[in-house]
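Number of protein chains: 2
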Amino acid sequence: MKVEAKTMENAVEVGGAADANPCVSKSRVRDRIFDTACDLFYKQGIRGVGVDAIASEAGTNKMSFYRSFPSKDELVAEYVRDAARQFMAWWDEVVAPYPNDPRRQAEALFEATVNKPIEQCNRGCAMANVMVEIQEEDHAALVVVREHKAEIRQRLRQLAADMGASNPDKLGDSLMLVMGGTFQARMIFPAGNTPVDVAGCAAKVLIEAHLRGAC
Amino acid sequence: MKVEAKTMENAVEVGGAADANPCVSKSRVRDRIFDTACDLFYKQGIRGVGVDAIASEAGTNKMSFYRSFPSKDELVAEYVRDAARQFMAWWDEVVAPYPNDPRRQAEALFEATVNKPIEQCNRGCAMANVMVEIQEEDHAALVVVREHKAEIRQRLRQLAADMGASNPDKLGDSLMLVMGGTFQARMIFPAGNTPVDVAGCAAKVLIEAHLRGAC
DNA sequence: TGCTATAGTTACTGACCGGTAACACCCATG
DNA sequence: CATGGGTGTTACCGGTCAGTAACTATAGCA
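Chains A and B supply the protein sequences, listed in that same order. Position one of the first sequence corresponds to residue 1 (the working numbering), numbered consecutively onward. Position one of the second sequence corresponds to residue 1 (the working numbering), numbered consecutively onward.
Mixed in with the good hints there might be a few duds.
In this list, chains with the same sequence are indistinguishable; a pair is considered to hold if it fits within one copy or across any two.
To be verified - Mimicking DSSO-like on lysine-lysine, the simulated pairs with C-alpha atoms at most 30 Å apart in a straight line are: (1) K72 - K43; (2) K43 - K62; (3) K116 - K204.
Derived by calculation from the structure, the hints in this document are not laboratory data.
Please construct the entire structure, taking both the sequences and the accompanying hints into account.
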């Protein structure tokens, strides 16, 4: 199967029709490897995917991998950085339609979480999964994960403060719990009719209660 | 990780009559191995712990391991079963002081989750971690995890129904999200002052609001 | 044409890991 | 004392995996 992919790519490149195949032939080897790795890491776990598998799935081989990345660990760290960037970009995008309306922004975030396409998150939170799989406490990837989660917590607390909650840290942290639980539930209950569906409702209830002065 | 010729029961019964001599001295090694394995699996992950490490940490060796367990996979499944049993026992214990008071029971569960000793859960939810680490969809351990999570969901929904919530499934699932998020947060923010602290409060707010008729 | 950067191929090392074989030892029971 | 079950010990097999070496092929550019 990998041989077919390689030969096809070569044929396309030789043919020169570059724009017709944006996903494989035109991109640099490094980018192909990286995209493939991100996909496989999320779907099969860090430890469940070897360098050989990544390379051949990307239509190349291990040597080209090591010409682009100094080690698998470094690739993992890059994967986590990219996941963090993507999550924040998603956040900003979801929030953008409601400027100066922090309550609506928070609600939109949880609704968007519920409605995320299944294949994008049926393995739960990529960052949390990395923390489960990596044991070395000082691994570069874990530093990124901790920073990322701390920033999400901070953002939720800020949203709570901006919407005038009487105890913004408590509301923000409560929302943090719901968000984390939602991602976890997407992994554990992958099919329809799961606890995931109530995430938006739970967030609304928490916000409503806190704005009423609960806690 | 794939040999499955023998079964757990066979391995246990190899010692002889299963009922005549209830395994005090005979299965001491087995118990030591199992306890050690549970500890290491939780702290370092399934894939992060080898059979050699388990055996030597238990003061024995690999051969004795394979005299007690047919395979590492089977041990993992047993580990998950034990974790599920322990969790349910903990649940029943926490709930026991408040018979016929489902609301108080639910609140007690979340308070107890917050107050669990750190070293018992600073790696988050053992069941969820197993689901992250194991890729084989039909692995025996994963079946146990799914059943366990489904039962917790059912229990929370039942509690919500018993306390008279207008929409018990929504309340139960909301609590499920908070509970999952709490365990995840214990792994991600291991030190003091974390979102974990608000889990009891979040649960109370959700219950209160639902009993008032929200959603 | 020839140089250089990029990429493919094959083969290898060393470590680790799950699992097994064969044998030696200890000790309780008969 | 003899037997046998549980245990310890050593060595090994087959597989996987991260990482490297050395060579080849190609494509663009001067």
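* Asked: Given a CA cutoff of 30 Å, do K72 and K43 count as a within-copy pair, a between-copy pair, both, or neither?
  -> This pair counts as both: shortest intra-copy Cα distance 17 Å, inter-copy 23 Å.
* **Homo-oligomer pair classification [K62, K43; C-alpha up to 30 Å]** => The answer is within: 20 Å in one copy meets 30 Å, while 32 Å across copies does not.
* Can you give me the call for K116 and K204, within, between, both or neither, at a CA distance of at most 30 Å? => both (18 Å within a copy, 28 Å between copies)
When held up to the earlier numbered hints, the structure conflicts with none and fits them all.
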